[in-house]
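Q: Each chain is listed here by its residues.
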Amino acid sequence: MNHRSLAFRLGVWYALLLSASFTLVGVGLFYGLEHYLRAALGDSLRRRSTQIEEIARSVPTGTAVAAIGDAIEIRVAPEFNNRLVRVTRAPGELVYRSGVPADRSFDPAAVPPFSGPWPTNSVTHRTETAQHQALMMSATTVEAPSGRYLIELGASLAPGDSLQTHLLLLLAMLLPVLVALAAAGGYLLVGRALRPVDRIAQSAEQMLLQDLDARLPVVPTGDALERLSISVNHMLGRLRDSIQTSRRFLADASHELRTPLTVIKGELQELVHNDAIGRELRDRIGSVLEEVGRLEHLVSGLLVLSRLDVGEAQRVWVEFDLAELAAGTADQMRLMAEDRGIQIHTSNLARTVVRGDRARLKQVIVNLLDNAIRFTPRGGSVTFSTSAGEKHQALEIRDTGIGMPPTALSHIFDRFYRVDEARSREDGGAGLGLSIVRSICAVHGVDIEVDSSPGQGSCFRLKFPHSRSSLSASSAGTGP
Amino acid sequence: MRLLIVEDDRKLAEFVARGLRAESFAVDLAGDGREGQRYLASYRYDLLILDLMLPHLSGSELLRRVRQSQPSLPVLVLTARDATEDKVAHFEAGADDYLTKPFDFAELVVRVKAMLRRTPVERIDVLRLADLELNRLTQQVRRGGQRIELTAKEYGVLEYLLSSPGRVFSRTMILEQVWDQSFEGITNIVDVYVRYLRRKIDEPFPVKLIHTVRGVGYCVREAE
Chain Z
1 MNHRSLAFRL GVWYALLLSA SFTLVGVGLF YGLEHYLRAA LGDSLRRRST QIEEIARSVP
61 TGTAVAAIGD AIEIRVAPEF NNRLVRVTRA PGELVYRSGV PADRSFDPAA VPPFSGPWPT
121 NSVTHRTETA QHQALMMSAT TVEAPSGRYL IELGASLAPG DSLQTHLLLL LAMLLPVLVA
181 LAAAGGYLLV GRALRPVDRI AQSAEQMLLQ DLDARLPVVP TGDALERLSI SVNHMLGRLR
241 DSIQTSRRFL ADASHELRTP LTVIKGELQE LVHNDAIGRE LRDRIGSVLE EVGRLEHLVS
301 GLLVLSRLDV GEAQRVWVEF DLAELAAGTA DQMRLMAEDR GIQIHTSNLA RTVVRGDRAR
361 LKQVIVNLLD NAIRFTPRGG SVTFSTSAGE KHQALEIRDT GIGMPPTALS HIFDRFYRVD
421 EARSREDGGA GLGLSIVRSI CAVHGVDIEV DSSPGQGSCF RLKFPHSRSS LSASSAGTGP
Chain V
1 MRLLIVEDDR KLAEFVARGL RAESFAVDLA GDGREGQRYL ASYRYDLLIL DLMLPHLSGS
61 ELLRRVRQSQ PSLPVLVLTA RDATEDKVAH FEAGADDYLT KPFDFAELVV RVKAMLRRTP
121 VERIDVLRLA DLELNRLTQQ VRRGGQRIEL TAKEYGVLEY LLSSPGRVFS RTMILEQVWD
181 QSFEGITNIV DVYVRYLRRK IDEPFPVKLI HTVRGVGYCV REAE
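Those sequence lines, one after another, are chains Z and V. Just so you know, this note's numbering puts 198 at position 198 of the first sequence, and the rest follows in order with no gaps. Just so you know, this note's numbering puts 220 at position 220 of the second sequence, and the rest follows in order with no gaps.
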């Protein structure tokens, strides 16, 4: 699970918010229930108390106090109703006390006597027996003809407490389940909500790789998603325009340079053949012609690059043995290498069938080999080898040359980049060789890996997709 | 032999015309497609040199019309495009040959002369220059009667140079003839081979045959 993903973060937020509000509701419910239960119990106690007050008032003077007890038993039935009734006549004579209640929730004898002055109005308070049985008590004083009575009513708090405990338990059990559900649900929902965005991203990516003219299908949802796909389409359009403009410029520029170059070259070449001019002048014209030659090479290099940018090199793809092409190219350049005292080894080449534009890929090998030869001192060697992996097959060109510093590695494929200004210029490189290599490789879906360090030589590894997969890649690339 | 050049770049047209006139051709110049068509309708030409990018009437369209009226007129197309597809398109459109700008004038002359040979080239089996002898049948090279061993590429370079003694061949021309376009401009490969060739052909002998023309290329000739 991606911990930074929007879905994950929203899921967590969801869960946090939900557990906070659930806790708030739970606390409210808990205390609300407590308040309600107490209030209801207090009400019921006061109602009974009123009945008993009436009984006390109606007892005529001189009657046996036992009559009060009888009346209470009949009209209130405290044991049956799980209530405590205690009637005390001033100054402290216990007139009546109900018996053990039916649910045995408290022991009436253990309820401590009322402390403090007798209240004139009804009061409720909480008390506890010696056995820690909590009771809610209401007490009131009645002035009757037969004397002053303290009427106390009580009820066990246990049922309410146990209800609250149950509620608490229920809430505690529900909370984690709910939070987990909310988190998972949030994660899934956000993931689901983001899926169209994902699709937009994927199609946009594919379009950038293959077809700049294609556009995203706009889903008429009328919301941010629709706006997103529309603005991505606008962006693709502007991107295509600017890419096409720069490509056209490059192609046009190198194109337009060709005619004047032909004239310059032709006129100068004619001058060189003119016997009237002296040796020194001829030499100077020759020097200018050499520069014209470089310019010519540069222009054709740029044109090749702009063609590759447009993706032209895909129509002449064939299957061929890369090892044979590499060995053949090495043979053609061997004399040149040996002239510089450099050996080319090709014995590690094994048959490697790839699919592509043979002439362009030969250009890649020529450029890499040319580089290797130019940057390897006398006595060194260049070694070709092939290897096959599960996902790709590779051609490796390793030299024992001067190598490159790590800082240069990320730039060597840039147009006109030179690791060592003075040295490469002297050698006549145009600075486009490796750019052309990269462009051709990109068209073929070939990855280039470079290992190099100063003094240790360089190794260029071209990783070709397997012939079968490159077949499908090419048909996808040339598409409608 | 009368040639027509249809090319909108006046300087290029004039320089090509001057060079061809020096090679004893009669040359007419047309600056755009329409003018070219008028010339073609008025005179009989042995060869047409045609730029494909022309004002008023495009070179491709002119080529199509020429093919209808004069199917056998050889046409050499000058183009600034060199992609393979374009080449195929030129031939399909009816060009007999094409040259990509910037071309070497020497190359243009070679192509023009080859196209004007109505009958198949009578292949000369033995090329000779001074006491140097190259036998195309046995692929043997002798100088002063002495056998000289050459590698295949060295032989290829020498054969090409000997095919037209006195003409200067550019490195590009030699590369395209003996190697292929992959090597163009990348390496000094031609120089290395010419140096090896000189070591075998020229160094042991007092008269040097292979000459360097700085900035242009190489040629074989007897005198300095």
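Hints are supplied without guarantee of correctness; some may be wrong.
[What the hints assert, rightly or not] Example chain V residues on the side facing chain Z (calculated, C-beta under 7 angstroms, incomplete): (1) K113; (2) V213; (3) V216.
For the record, the hints were derived by calculation from the structure and aren't laboratory data. These figures come from a predicted structure and were not determined experimentally. Ideal Cβ positions, reconstructed from N, Cα and C, are used throughout, including at glycine.
Q: Now, for every hint given, state plainly whether the structure supports it.
A: Consistency of the hints with the structure:
Annotation: interface hint on K113 of chain V violated; nearest CB of chain Z at approximately 17 angstroms, more than 7 angstroms. Against a cut-off of 7 angstroms between C-beta atoms, the interface hint on V213 of chain V holds, since the closest Cβ of chain Z lies about 6 angstroms away. Using the Cβ-Cβ criterion of 7 angstroms, the hint placing V216 of chain V at the interface with chain Z is satisfied: the shortest such distance is roughly 5 angstroms.
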